[in-house]
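Peer 1: For the protein sequence lines, the chains are P and B, in the order given.
Under our numbering, the first residue of the first sequence carries the number 4, and numbering increases by one thereafter.
Under our numbering, the first residue of the second sequence carries the number 4, and numbering increases by one thereafter.
Treat the hints loosely; a few may be bogus.
Each pair may be met inside one copy or between any two copies, as identical chains are not told apart.
To be verified - Cross-link-like lysine-lysine pairs, in silico, PhoX-like; alpha carbons within 20 angstroms at most:
| hint | residue 1 | residue 2 |
| --- | --- | --- |
| 1 | K248 | K105 |
| 2 | K105 | K94 |
| 3 | K181 | K155 |
| 4 | K30 | K105 |
Bear in mind the hints are in silico, worked out from the structure with no lab data behind them.
Protein chains: 2
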Amino acid sequence: MKLTILGCYAATPRTLTNPTSQVLEIKNHMFLIDCGEGTQVQLRRHGIKFSRINHIFISHLHGDHFFGLPGLISTFRLLGREKELNIYGPKGIKEAITLLLKLGDSWTNYPLHFHELTSVDSEVIFEDAKVTVQTIPLDHRVYTNGFLFREKERERTLNIEAVRFYEIDKAYFNIIKKGKDIVTEMGEIIPNKELTFDPPKPTSYAFCSDTAYNPHLVPLIKGVDCLYHEATFLESETDLAKKTKHSTAKQAAKIAKEASVGKLILGHYSTRYASIEVFKEEACQVFDQVELADDGKSFEFN
Amino acid sequence: MKLTILGCYAATPRTLTNPTSQVLEIKNHMFLIDCGEGTQVQLRRHGIKFSRINHIFISHLHGDHFFGLPGLISTFRLLGREKELNIYGPKGIKEAITLLLKLGDSWTNYPLHFHELTSVDSEVIFEDAKVTVQTIPLDHRVYTNGFLFREKERERTLNIEAVRFYEIDKAYFNIIKKGKDIVTEMGEIIPNKELTFDPPKPTSYAFCSDTAYNPHLVPLIKGVDCLYHEATFLESETDLAKKTKHSTAKQAAKIAKEASVGKLILGHYSTRYASIEVFKEEACQVFDQVELADDGKSFEFN
Numbered sequence: 004m005k006l007t008i009l010g011c012y013a014a015t016p017r018t019l020t021n022p023t024s025q026v027l028e029i030k031n032h033m034f035l036i037d038c039g040e041g042t043q044v045q046l047r048r049h050g051i052k053f054s055r056i057n058h059i060f061i062s063h064l065h066g067d068h069f070f071g072l073p074g075l076i077s078t079f080r081l082l083g084r085e086k087e088l089n090i091y092g093p094k095g096i097k098e099a100i101t102l103l104l105k106l107g108d109s110w111t112n113y114p115l116h117f118h119e120l121t122s123v124d125s126e127v128i129f130e131d132a133k134v135t136v137q138t139i140p141l142d143h144r145v146y147t148n149g150f151l152f153r154e155k156e157r158e159r160t161l162n163i164e165a166v167r168f169y170e171i172d173k174a175y176f177n178i179i180k181k182g183k184d185i186v187t188e189m190g191e192i193i194p195n196k197e198l199t200f201d202p203p204k205p206t207s208y209a210f211c212s213d214t215a216y217n218p219h220l221v222p223l224i225k226g227v228d229c230l231y232h233e234a235t236f237l238e239s240e241t242d243l244a245k246k247t248k249h250s251t252a253k254q255a256a257k258i259a260k261e262a263s264v265g266k267l268i269l270g271h272y273s274t275r276y277a278s279i280e281v282f283k284e285e286a287c288q289v290f291d292q293v294e295l296a297d298d299g300k301s302f303e304f305n
Numbered sequence: 004m005k006l007t008i009l010g011c012y013a014a015t016p017r018t019l020t021n022p023t024s025q026v027l028e029i030k031n032h033m034f035l036i037d038c039g040e041g042t043q044v045q046l047r048r049h050g051i052k053f054s055r056i057n058h059i060f061i062s063h064l065h066g067d068h069f070f071g072l073p074g075l076i077s078t079f080r081l082l083g084r085e086k087e088l089n090i091y092g093p094k095g096i097k098e099a100i101t102l103l104l105k106l107g108d109s110w111t112n113y114p115l116h117f118h119e120l121t122s123v124d125s126e127v128i129f130e131d132a133k134v135t136v137q138t139i140p141l142d143h144r145v146y147t148n149g150f151l152f153r154e155k156e157r158e159r160t161l162n163i164e165a166v167r168f169y170e171i172d173k174a175y176f177n178i179i180k181k182g183k184d185i186v187t188e189m190g191e192i193i194p195n196k197e198l199t200f201d202p203p204k205p206t207s208y209a210f211c212s213d214t215a216y217n218p219h220l221v222p223l224i225k226g227v228d229c230l231y232h233e234a235t236f237l238e239s240e241t242d243l244a245k246k247t248k249h250s251t252a253k254q255a256a257k258i259a260k261e262a263s264v265g266k267l268i269l270g271h272y273s274t275r276y277a278s279i280e281v282f283k284e285e286a287c288q289v290f291d292q293v294e295l296a297d298d299g300k301s302f303e304f305n
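Please model the entire structure based on the sequences and the hints provided.
Peer 2: Below, the structure is given as structure tokens:
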């Protein structure tokens, strides 16, 4: 699983910083998460093929998470896209995109499917053989969801030496990998645990932006390998964080600690601070596995 | 009068090129013309103060001329703008911006005035003591206007030596500059032309993008000092230009020649060509005062 940060700064695009957008590469998917203004240029800058993006997840309809989407949808058309595109986001996103396309008299020449979200409870919004995506309801000024990306439990790993020892035919390998015991022609039962190893633990990634400090999300993200949590402010601006329904770096770290996540990535920084290192310093007082997102930075976790 | 090109490439924002937007500085105004995605970053990059922009003119509602506007309007709010902002553009622009602000539950804290355009005839849409702006109806796939910016006729210039010679009191200077003759205490009439020189010719700028080759606009832009005319294609792609209602460099030059403009600036280039010099070469076969727009380039004309 590989995460590439296209933009991770709050509020507005600037000369050297971009609003929220990231790409998660997981099991042959390239999921685009949020799409602030300038996202399509960031995709080009970081060599991410537009054609690999088939699913776009939008957390909420504030401009710094969403205003790059109309242009990206138009560019897909100009590039001759034919494959369907799925967009998951708050109710209203379809009306907005449809109106903008209508005003430009420029409908897409590929199927555009909107999956509008309204639930205040977590729900699975995407699932295939290898991956699930579910919402993480957040507490922001408008209806907002984070997203939890999970690899599904993998098949058990064959113990090659053991299957040779028992002279098991290849035809049985698939059911063994699914965890079944084997009965030999002699009627002997060979327990699956003698034939296989535990599979690698499925990897999981939680994206939580934008949100006020919200302990309710802890059970949902318990034990994820990686949590991206917004840290717009420092503790010195706690009142402002509360008022604007954002989090401080320390609050993000508290969530990470309570949820026992593997790694915390901070982002959505206010540009009021001279350096982003201060966010890490504050968070590390509570939780030690902290990394800083930055535009163009990648993280791999397996 | 100073024109700064923020973006002048067709279709989509790219790593090194921006869609259409430009700033015209005229008589203390900073008029923003079109607002493709990324315009607010280009404004920052070129040191143009956001607070000086009070009037934004949008030619048409295709994304590459318009998708930067919602973000710019939001950024004005974040910057604490209080002054009113006027937006001139095709009918529908108010509905689009209003919907996007409503979905983000983020109305502006400054007055936002929309001046929606529907006329297929040229009309004056802005006027103050020193400047007029009128539409130039263009021929594109959707309702589109160019804009003609004109300084008003200036006051006549005092001939200081002459007014001293006739010992005319300063109290009369203002009416002399307005072109009036003077009657001395002796009853002698001094014709204005003995007391003044012709004022500098008012400067004018016509912005014409996007449009098919359209000779109907020649009378409207006759004799302007500077014409920006789109040249999306070269003559080798005349059929494509016709089909998409764009112009070739040669067609732009024909318009410039027929309208006897002072200078032609080409822009809105398709990125299919390896270099933009080919546009100038083609246009120069018809008209010799040709310049190439490019992102970040400025032009002064007085």
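Peer 1: Could you work out which of the previously given hints the structure breaks and list their numbers from low to high?
Peer 2: When the structure is compared with the hints, only number 4 turns out to be violated.
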